[in-house]
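Construct the complete structure from the given sequences, taking the supplied hints into account.
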Amino acid sequence: MYRLLCDETLLAIWDSLPDDASAQLTTALSDVCHEPYIETEPYGIDDGTHRILVRPLVTAILAVNEDARTVRIYSIERRH
1 MYRLLCDETL LAIWDSLPDD ASAQLTTALS DVCHEPYIET EPYGIDDGTH RILVRPLVTA
61 ILAVNEDART VRIYSIERRH
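full-length UniProt numbering applies: residue 1 is where the sequence shown begins, and numbers increase by one.
None of these hints come from the bench; they were simulated from the model. Note that this is a predicted model, so its numbers are computed, not measured. Check before you lean on any hint, since a few could be wrong.
Pairwise CB distance ranges, derived in the manner of DEER restraints [said to hold, decoys possible]:
no., residue 1, residue 2, range
1, His-34, Thr-59, 15 to 25 Å
2, Glu-66, Asp-19, 27 to 37 Å
3, Arg-69, Asp-7, 31 to 41 Å
4, Ile-45, Asp-19, 27 to 37 Å
Ideal Cβ placement from N, Cα and C applies to all residues, glycine included.
Here you go:
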């Protein structure tokens, strides 16, 4: 299991999402914390660290740190 890291600004963005998008992000990130490489795709160059999570209502840019067993959120965007 990976620990999820997110700064205050991104938490505010997450909180401001419509309920359906927020629920979708919450569920998806829970899945990512269990298996980050199955639930995400490479973002840019496939370096094993930078990943993108794409769901119908929301997208998140993530960084996976294997050594620390963490997933850090760098960006959250609502999809229209």
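How the hints compare with the structure:
1. His-34 x Thr-59: 15 to 25 Å: 20 Å Cβ-Cβ, so the 15 to 25 Å window holds.
2. Glu-66 x Asp-19: 27 to 37 Å: 33 Å, holds
3. Arg-69 x Asp-7: 31 to 41 Å: 19 Å, violated
4. Ile-45 x Asp-19: 27 to 37 Å: 35 Å, holds
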